[in-house]
Structure formats: structure tokens, C-alpha cells
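J.: With chain A's structure known, arrange chain B on it following the hints.
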Amino acid sequence: MHAVEVRDVRKIYRRYGRRKSFGTLKSALLSGGVLRNLRPDTTFLALDGVSLDVEAGRTVGIIGRNGSGKSSMLKLIAGIGKPTSGTVRVSGRVSALIELGAGFHPEISGRENVFINGMMLGLSKAEIARRFDDIVSFAELGEFIDEPVKTYSSGMYMRLGFAVAINVDPDVLLVDEVLAVGDEAFTHKCLEKFAEFKRRRKTIVLVTHTLDLVTRLCDEAVWLDGGKVRAAGDPKRVVDAYLLEVVSSENRPRTEAPPDPAAAPDSNGAGRWGSREAEIEQVELLRADGQPAHVFESGQPMRIRAHVRAPRPLQDFVFGIGIFTADGVCCFGTNTDIEGGVPRELSGSGDFTVDIDRLDLVAGAYKLDVAVHRHDGVPYDYHRFLYSFRVASPVKDTGIYRPRHRWTFGGGITIAEPPGGQP
Amino acid sequence: MLANLRQVFRYRALISSLVARELKARYRGSVLGFLWTFANPLLLLGIYTFVFTVVMPGSRGGTRLEPYALFLLCGILPWTWFQTSVLESCTVLVAGGNLIRKVLFPAEVLPIVTVLTGLVNFALSLLILAAFLAYYARPVSAGELAWLPVIVLVQLTFTLGLSLLLSSLTVHFRDLRDLAANLLTLWFWGTPIIYSMSQAPERFHRLLGWNPLTHLMVAYQSVLFLEGPYDGWPALLWLGVLSLALLGVAYFVFDRLRDTLAEEV
Chain A
7 MHAVEVRDVR KIYRRYGRRK SFGTLKSALL SGGVLRNLRP DTTFLALDGV SLDVEAGRTV
67 GIIGRNGSGK SSMLKLIAGI GKPTSGTVRV SGRVSALIEL GAGFHPEISG RENVFINGMM
127 LGLSKAEIAR RFDDIVSFAE LGEFIDEPVK TYSSGMYMRL GFAVAINVDP DVLLVDEVLA
187 VGDEAFTHKC LEKFAEFKRR RKTIVLVTHT LDLVTRLCDE AVWLDGGKVR AAGDPKRVVD
247 AYLLEVVSSE NRPRTEAPPD PAAAPDSNGA GRWGSREAEI EQVELLRADG QPAHVFESGQ
307 PMRIRAHVRA PRPLQDFVFG IGIFTADGVC CFGTNTDIEG GVPRELSGSG DFTVDIDRLD
367 LVAGAYKLDV AVHRHDGVPY DYHRFLYSFR VASPVKDTGI YRPRHRWTFG GGITIAEPPG
427 GQP
Chain B
379 MLANLRQVFR YRALISSLVA RELKARYRGS VLGFLWTFAN PLLLLGIYTF VFTVVMPGSR
439 GGTRLEPYAL FLLCGILPWT WFQTSVLESC TVLVAGGNLI RKVLFPAEVL PIVTVLTGLV
499 NFALSLLILA AFLAYYARPV SAGELAWLPV IVLVQLTFTL GLSLLLSSLT VHFRDLRDLA
559 ANLLTLWFWG TPIIYSMSQA PERFHRLLGW NPLTHLMVAY QSVLFLEGPY DGWPALLWLG
619 VLSLALLGVA YFVFDRLRDT LAEEV
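The listed protein sequences derive, respectively, from chains A and B.
So the first sequence is numbered by this note's numbering: it starts at 7 and just counts up by one.
So the second sequence is numbered by this note's numbering: it starts at 379 and just counts up by one.
The set of hints was computed from the structure by calculation and includes no laboratory data.
Given the structure is predicted, the values throughout are model-derived calculations rather than measurements.
Think of the CB as a built atom: it goes at the ideal place given N, C-alpha and C, for glycine as much as any other residue.
Below are the DSS-like pairs computed for lysine-lysine, each with C-alpha atoms no more than 25 Å apart in a straight line:
hint: 1; chain 1: A; residue 1: Lys199; chain 2: A; residue 2: Lys242
hint: 2; chain 1: A; residue 1: Lys156; chain 2: A; residue 2: Lys195
hint: 3; chain 1: B; residue 1: Lys402; chain 2: A; residue 2: Lys131
hint: 4; chain 1: B; residue 1: Lys402; chain 2: A; residue 2: Lys156
hint: 5; chain 1: A; residue 1: Lys208; chain 2: A; residue 2: Lys242
hint: 6; chain 1: A; residue 1: Lys242; chain 2: A; residue 2: Lys402
Part of the chain B face toward chain A, derived, beta carbon under 7 Å:
hint: 7; residue: Arg399
hint: 8; residue: Ala403
hint: 9; residue: Asn476
Pulled out of the complex, with its shape left as it was, chain A reads as follows (with noise of 0.2 Å):
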């Protein structure tokens, strides 16, 4: 049984650009015709022929950049605003995690605008007054609930809004990137209801930037681009294939850029520099099975492999490595200079490997500088965050190194399961 059919859904928006936030019937008249001007200007192709189909009890994982079209599907299986064409079923009561606490009154009281909140989602009186208990206790307002909305907290406000729609017990649960918003606490809260909801065999589709919660979450992952599905099914598979082409498109190295020696580098810092005596031509990352990859196993080994060309011979010559973490945190950066390394000659091609036995690092995005330069430091060929790679790991800690450890205990401690059950 198919708790959400989406057969082949185009979605057009309509832009009035030339009198986007000024329509006026008075400019309407001047230009000549009431009807013209209703017409749109521009129209936008948010969905482009999109079909997916969510098995009841399944929780599925929406991926795709800004604008792939992500939050109108979401929307439209929400039953906000119609397909341009095809179709949208949905089966059961849907709720939908948009925004928290959308329409709440700021001068009447939480009690209050829990009723008009849970009425607008689709519940009558008596069904609110039922899970009213609940709805204050998730929410954690105790006394506050007789208080009027604007004195809340943007805590207390959100955790409101979340608990009337997840108590609407839908039996499809729409979350649109609200757990963004909120504090460790809070995300934690509701990654727990999801899971109880999960349990309950209930439908959850989720729409989300959070890769990490994709993975670890859903049981199917669907990546849109351009208002396509460009993948879909295993969520670990959608989700690396997805990086990979975050990651080439937005990381390739600009080869056909000009050959400017002073390029400088791009907003998030990645780019291209240098005199090009010297030449990186591929940079792969391996696994150790020696197959090339994008994501790595925490303690396992990685290989960083690159090939150099240099068209005529130098005697001067320095290569270099870098591992960042996504936020630009040097996490270890070496070099054959620094590691006592004499350079005699490179000429014509050649390639230079690094291999890290033990990719101790925890979970997360990490992004890569491989250089060959001059001994001064003067760049022949500087490739700054390039490229990219996950490291993936079954625990959850946090920070950027992880040291082999473990736990022992001893005296009047008993574990049940102990801690740290490193490969």
C-alpha cells in the first residue's frame, strides 16, 4: 500500500516579475488590460515530471540543492498549492512540519492557540482536549501554558508548534528542515518522536540539508535536481552519489579558467593558483581496496594519490597536503619539505602517494588541499579545497580527531554493553 503516489508532477510558479511586490490595479490600467497583467511574466519550472511512490510505514529522505525543487514537493504532498500536472495521493491524515507554530497569536495564550492551531491542522475540539496533557508536556510550558504566546521563548514557541503537529497523529508526517532551528535539545527531542513515530509504522517524508540524518534515518533517500529525481533509492548510496556531485561540480578543479597566476580564491575560499611550471593534473582518494572513493570508514586507511606533469625539468619543488574539516579548521597539513624530503628532479609526468593508515577522524565533511610549490613557497600549482570526502562512522561523537580508546571500568560499575567497540 502506497502511502504517497506522486505520478508525474510538474509544477510551474508563475513570477510576475516586472510588478512583483507592486502589483496595483492602476498600473494594470495604464499599461492596458486587467486580464494581460494577470498574466505571468516568467514562469518557473519547480517540478519537472517527478514520480515517487512512499510505501506506508516508510520514512523517506527528500535531498537535493537549493532550489531542486524539494520544498514544493513537499508542499504539493502537503496539499499547499496544486500540481501544474499529474497527480498527488495521499493516503491518510497528513501533517506537515513546515513552519513551527505558524499560526499562532502572539496576544492570546498558549492554551488558546493550541486549540485554534490543532483545529487549523484538521482536529476538532474534543480530539485537542484529549492530547492537550501531552501537547503541554512535550512542549515542557508547564505554567506558561495560560500565558499569551509573545512572551515565550523561541524555544518554548517552537516546541509548541512541534508538539500540536505531532500530535495531530498523522499517518503521514511531512518535515520540512524544521529541526534546523532548533537547539541540541530540541533536535534530540524530535529525532525521538520520529522514532516513536517510525515504530508505529507511520509514513514520514522528510526534506532535509542534513545528509547525516538522511543516512541514518530513513529507509529510502530521493535526490531532485532541477525539479528532476536524479536518484533514488538507498539512502547511503543516493546520499554519496549526491556528494560526489556536489563535490565535482562545485570542487572540480577550473582547468579552463585563465591562466592567471594570481587567481584568487573563490567566497568559500576554495580555487586554483599559481605559475603552472608545475602541473596537478587528477587527484583521486582510494580506499584500501585501492578503489577510488568519496566516503571513509573512521580508522580505516585512505590514499591520496596525485599525478603531476611539469613541462619542462625543476629542481626546486615542494609537495603538499592539507585535510580541513567543512568549516575550514585545520585538522593536519604536511609536506615533503617539512618531512625532510631533498627534491632532486621532476620532469615530464610522474604521481606521488599518500597513505594514512588510519583515518582517525570522527564523522563528518572534510575537504582536501593538494599543492606542489616552490621551497619559498611560491605556488606552481595550489589546489585549495578541491576536493572532498565523509568519513562515516557507526558512533556519534563529536570534535575532529578520534584517538583509538577505550573504556574500562572497575570497582562498583557495571556496563551492560561497553562503550567504545572499536574495529
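T.: Relative to the frame of chain A, chain B by itself:
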């Protein structure tokens, strides 16, 4: 369209809660509370009464509009309901944009709530009218009073139709609100509210007859103020039929524009 109408019916509990919320939220934290609703009509009442009975008493000719304040009240109260509903419905969808974009929610609920909130305020303001009637010891015949619910119902239908139409159109044409505000001023003076139908020159009666509100105001005045039987009811019933038609057309337009609302507000 019928399915949508059923949905509106399904949302009636929500509509009534929203009306209660509107009333509550508006008066919470204000000293005079709901008396503010009557501040404006009472102010108008005071001004017009002063102008037409003290400043230029001759302007009302030899008609027997006594007490003038009571006559005025019969027109100003329903007018206030009409005017605030129409003006507020011009902005209600844009103001509630967050709801329309983020929650599955029949948008027509918002203008309906606006009009119904106005109706509740109007009903409360009838208490003031009752006080005036008692003060002047005006007899009101029960037979005529039976017309009152009909008149209110016709006005409700007419106002709902206009509000639905305007609320969806103002999303596309934001200056309709300014247009409406000015037209309402014109409309006020073109309706027998501060003057009676019999005071208006004969040659304008036809013109005034084209104004739907004329028949409503005349009805209120006849039932609550003027002596003698109310004989304008055929026009009122006709207006009722036309109002229903207007409501139908307005709902059709609203329904057609529905899908554009979430994108435009």
C-alpha cells in the same frame, strides 16, 4: 467548488474560535476593552448630531427626524460593520500570508472571520441602540422587529460576497485597498445614513435606489426608528437574492485565484 464549500463548513469550529480569538486579542490589554469598538461610531454620532441639530438646525428641513441621534445610530452602526469588514478584508490575506503559505488551510476562512467578527461587534453595539430606544421611550413593534434578523442576514450575505471578492483581488492588486477606502467615503455619503430617503430630492431617489446599501439602511431605519409599517421589504428580498448571487460569483473568483494566493501573498 462544492467540495471546498463543504470544507468551509467543516472548519466552522475553527471559524468560531478564530472570531473569539480576534475579539479577545483585540481587547486584551486595553483599559476600555471592547468599548473601543464603539468609540468611532459614537464619535461620529456626537459630531453629526452636534452639526445637524446645533450648528445648522435648519438643514434637516421640516422632516420629523426626532430624536436625530437615534435616527443616526440606526444607520451608523450597520455602516460601521460594513465599512470595517470591507476594509479589513482587503488586507486580511496578506496579513495572514504565513498561514496560507505554510499551513494547509482554506484561505476563505480569513475574510469570513473578518466579517463575522464585525457581525459580533455589530450585535453588541445593538445594545447601545437598545439603550437609546429605551431612553427616548420609543415603541418598537414586535412585528417590525421580526424583520431585523432578515435585514442582518441580507447585509451579512452582501458583505461576505464583497469581502471575499476584494480579499482575493487585493492579493494581486495591492492598491485596491486605497481605492476601496476612497470609494467607501463616497459610498457613505451616497447612502441615506445621516439623511433620510425622504429628505433627498425626488430626482435622486432612482439613483439612490441603485445603491444596495440604501435598501438596507432604509430597512433598519423603518424598523427601528420610523413609525408606520415597513413596506420596503420587496426591495430587501430582491437585494437578498442579488447578494446570494454576488456571494456565488465572489466565491467562484476566490476559488479560481486560490492557487495563486500561496504564491502571491
